[in-house]
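Chemist: If you're matching them up, the sequences are chains A and B in order.
Residues 1 to 352 (this note's numbering) are what the first sequence spells out, left to right.
Residues 1001 to 1615 (this note's numbering) are what the second sequence spells out, left to right.
It is possible that some hints are incorrect.
Derived pair list, reagent style DSS-like, types lysine-lysine, alpha-carbon separation capped at 25 Å [what the hints assert, rightly or not]:
| no. | chain 1 | residue 1 | chain 2 | residue 2 |
| --- | --- | --- | --- | --- |
| 1 | B | K1276 | A | K336 |
| 2 | B | K1157 | B | K1113 |
| 3 | B | K1036 | B | K1184 |
| 4 | B | K1156 | A | K334 |
| 5 | B | K1113 | B | K1189 |
| 6 | A | K334 | B | K1189 |
| 7 | A | K156 | A | K168 |
| 8 | A | K334 | B | K1192 |
| 9 | B | K1444 | A | K334 |
| 10 | B | K1147 | B | K1157 |
| 11 | B | K1278 | A | K334 |
| 12 | B | K1278 | A | K336 |
| 13 | A | K26 | B | K1444 |
Please keep in mind that the hints were generated in silico from the structure rather than gathered at the bench.
Bear in mind that the values here come from a model prediction, so they are computed numbers and not experimental data.
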Amino acid sequence: MTESLNGKGLALVPRAEGKQTLKDFKSDQEVRWCPGCGDYAILAAVQSFLPELGLRRENIVFVSGIGCSSRFPYYMNTYGFHSIHGRAPAIATGLAASRPDLSVWVITGDGDALSIGGNHLIHALRRNVNLNILLFNNRIYGLTKGQYSPTSEVGKITKSTPMGSLDKPFNPISLAIGAEAGFVARTIDSDRKHLQSVLREAAAHRGTSLVEIYQNCNIFNDGAFDALKEPETRDDITIRLEHGQPIVFGAGENERAVRPAPQGGVEVVRRSEVADDEILVHDAHRPDPSLAFALSRLDEPAFAHVPIGIFRSVDRPAYDVLMSEQLEQATADKGKGQLSDLLLGGDTWRIN
Amino acid sequence: MTKQVQQLDRVIIRFAGDSGDGMQLTGDRFTAETAKFGNDLSTLPNFPAEIRAPAGTLPGVSSFQLHFADHDILTPGDAPNVLVAMNPAALKANLGDLPRGADIIANTDEFTKRNLQKVGYAANPLEDDSLAEWRLHSVPLTSLTVKALEGFEISKKDAERAKNMFALGLLSWLYHRPTEATIKFLEAKFAKKPDIAKANVAAFQAGWNYGETTESFSVSYEIKPATLAPGVYRNISGNQALAYGLIAASVQSGLPLFLGSYPITPASDILHELSKHKRFGIRTFQAEDEIAGVGAAVGAAFGGALGVTTTSGPGVALKAETVGLAVATELPLVVVDVQRAGPSTGMPTKTEQTDLLMAMFGRNGESPVPIVAPATPSDCFDAAIEAARIALKYRTPVMLLSDGYLANGSEPWRVPEVSELPDISVEFTTEPNGEDGTTFLPFKRDPETLARAWAVPGTPGLEHRIGGIEKADGTGNISYDPNNHDRMVRLRQAKIDGIDVPPLEVDDPDGDARVLVLGWGSTYGPIAAAVRRVRKEGGKVAQAHLRHLNPLPANTGDVLRSYDKVLLPEINLGQLALLLRARFLVDVISYNRVRGLPFKAEELAGVIQDVINSD
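Kindly produce the complete structure, drawing on both the sequences and the hints.
Modeler: Below, the structure is given as structure tokens:
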């Protein structure tokens, strides 16, 4: 059972009869994010992507924590649970582990997932329950009105850090890979095509998928990802990871390539300076995570180069499936549990 | 030599030794033999939190007390008739509880100069007449065991470790216990180490034979089986009964059980027990922390499972926000709090009733939660079913307040027939419930119970969203409307206040008592035993015991007001007293001790008598 599910993350979820459209997934609730928020683009991308999966709408659940992004479930015409700060992965774990027939999506943000809920996130990733975690990273606290977040750059001036923030940020991709995640990807709110291609792969992965989505907060951290969006800079720093393809980016004089570094890790070099066979060919399915980790470090120092796409997609048994198998095994070994047998199971004596 | 046999109606034995001496196992086995024989019994394990505290020291002493009788008994007993002391520390730590004239069986091999010094004995108490007021039996348990095991293929250390089975054999002879089950138990326990199994059985039998042949024991004792209500019995601890109750609740509700839990003393055994019963469709999830444990249970409940989380006080503190989420989303959830001594880490292996107010009020906002408290170890079974019944029927988290004394203590339990158990099945909503016939209103309520409609994912046409933000009555949509919030706060409170709990029953045989002694939770046994003593001496006292702490039975105020005095013993500083005074304006007399130990019957009898006399 475990083997056959690899690459078929939704094999246990019943399929819809008839064709679905974007409209099927829109709830009747008014969307209340700030005008211009990147969340709108992500919502639209998800709503227009879901019909492609062809799953029964009632078997899809969106679970969220607290934060701007966590209002997401209210806008989806599926089952939804808007929970408490940081705990969505834990709540979704209980749901997905007990209901393998559901497609469960966790919507979270950089504060929710990486600060207050950091513990649940790393354990969900290592445990590998069938969840798709969409981490909206805007590198700021929005709902509480603009404090720095665990992904804000050092020196961030905010209301709570008037002289600049002091702590080094998390790199969510590095963190996820370090936490034994089987599927780790990054995409951008403004690139719908790329976003949807990543969601497609995430949904197909049986186990926990972590998708970091760079999302612009136009009120408190506007333009945080402009370098990845402006035509003048975009192509020179964005590394589009594609499985089986040599990792090259940029054009003309600025064309670059990624190659294994002599002292370990990987490095960016001018394309003209490397032979074709020296260029690293991206292998998302490589069991060893160290190259994926090295790729995730290429944005040091801040946004020098930013890989997007699927860093790592490795199949391993999903927790929910293994848990179900233990129940089946126990039943096969000793038969279905009978309450009267259980209660009378110890040393008993009769009094007449 | 023919030995004298004396008849007794009850005996209290305390096994005490180093925490590595196997005293809990010895006590468990003696208990199993005693249960098999048909005595009524009650046990009190008492052990340090450290797995192996420094050997031979006072903090390292672990003990197991067993009270057994030819009649029904209510407590593990106040003072032992027999102390088995495996070392000087065990003697020193327990001698104060031992009445003059009691038997002491001491392992002389461990009373070495070094061990005596460790606990501050200047001279060997076994030799200096300081124990003259007790009946001392000096037995070289260790060397007798090693000698009995000569020729076995085991190390000297393993031979020495079997001394607890020698002691068990001796005590089994002394009290005419059946031995077959212990031999079977040892063979099964050491099935993978047959040499060790054989050695332990041999040590056990050598202990029995020693009793039969030695002159240090001239009398053995018989305690006839107790006459209890007809039925099939087994011995059961509170944690095991609670786990069985949860399994029964799953079967009787038709919902799969999902346990989200993080290991914590003294609750972990419930997780261990439930994890053994996967063929009942039970999913046990050992979470990364207390919050994830309850979070996963809430998530499973959203999916239609019977969601349960088990913990102790520190865990309840961490789970508070998530319990509040279950209050707001009106999802069923059972939160088991096996209370222990606090605050903070407190004394993890010691008992207390100090979480009542946390269970009652320990969340932000107006977040009422029903509370059920079992009275005895075996009552944990019924209390667990009752907690699940309320959770499912009213769609609410329920606090189940056990404690360390109930969790580890054990007693005979009349095993119920499955047909006697209540049907607690629930019906999920599967069709639109709006007046237009097409919409689903997740917060439309049953007019009688005020429970909301519960539709689970996978139900077509009823897709809806719930969350911790205030919801509009009926639709469940986000609402900041002031009047709606006021209405929802009152509705949630009214739902809990309206839970169907049975009336408070009063035990007042002559009907003319002027003093009522009231209790809740694990104090039932000591209070009932104390009440018996007082009545035996001619005192008039009524007894009532609260099983539902929230809501309280509807007649509680009337009961309290119909007595001149209400005495309320609690193992806290008066938490229920505070609630009753506030609610009923009754001048409850509190009796509080917070020693990490259950009350003693004699102690409470004195307190009751004083209240009666103070007229």
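Chemist: So, for every hint listed, does it hold in this structure?
Modeler: Hints, one by one, checked against the model:
The straight-line distance between the Cα atoms of K1276 (chain B) and K336 (chain A) is roughly 13 Å, inside the 25 Å bound, and the hint therefore holds. Our distance criterion of 25 Å between C-alpha atoms is met by K1157 (chain B) and K1113 (chain B), whose separation comes to about 20 Å. The hinted pair formed by K1036 (chain B) and K1184 (chain B) meets the criterion: a straight-line CA distance of about 13 Å does not exceed 25 Å. With a C-alpha separation of about 40 Å, the suggested pairing of K1156 (chain B) with K334 (chain A) is violated against the 25 Å cut-off.
Among the hinted pairs, K1113 (chain B) with K1189 (chain B) is inconsistent with the structure: their alpha-carbon atoms are about 35 Å apart, more than 25 Å. A distance of roughly 21 Å separates the Cα atoms of K334 (chain A) and K1189 (chain B); the hinted pair therefore holds under the 25 Å criterion. As the CA atoms of K156 (chain A) and K168 (chain A) are separated by approximately 10 Å, the hinted pair is consistent with the 25 Å bound. A distance of roughly 22 Å separates the Cα atoms of K334 (chain A) and K1192 (chain B); the hinted pair therefore holds under the 25 Å criterion.
Our distance criterion of 25 Å between C-alpha atoms is broken by K1444 (chain B) and K334 (chain A), whose separation comes to about 43 Å. With a C-alpha separation of about 13 Å, the suggested pair K1147 (chain B) and K1157 (chain B) falls inside the 25 Å cut-off, and the hint holds. A distance of roughly 10 Å separates the Cα atoms of K1278 (chain B) and K334 (chain A); the hinted pair therefore holds under the 25 Å criterion. For the hint pairing K1278 (chain B) with K336 (chain A), the CA-to-CA distance comes to about 9 Å; that is within 25 Å, so the pair holds.
This hinted pair checks out: K26 (chain A) and K1444 (chain B) have alpha carbons roughly 23 Å apart, not beyond 25 Å.
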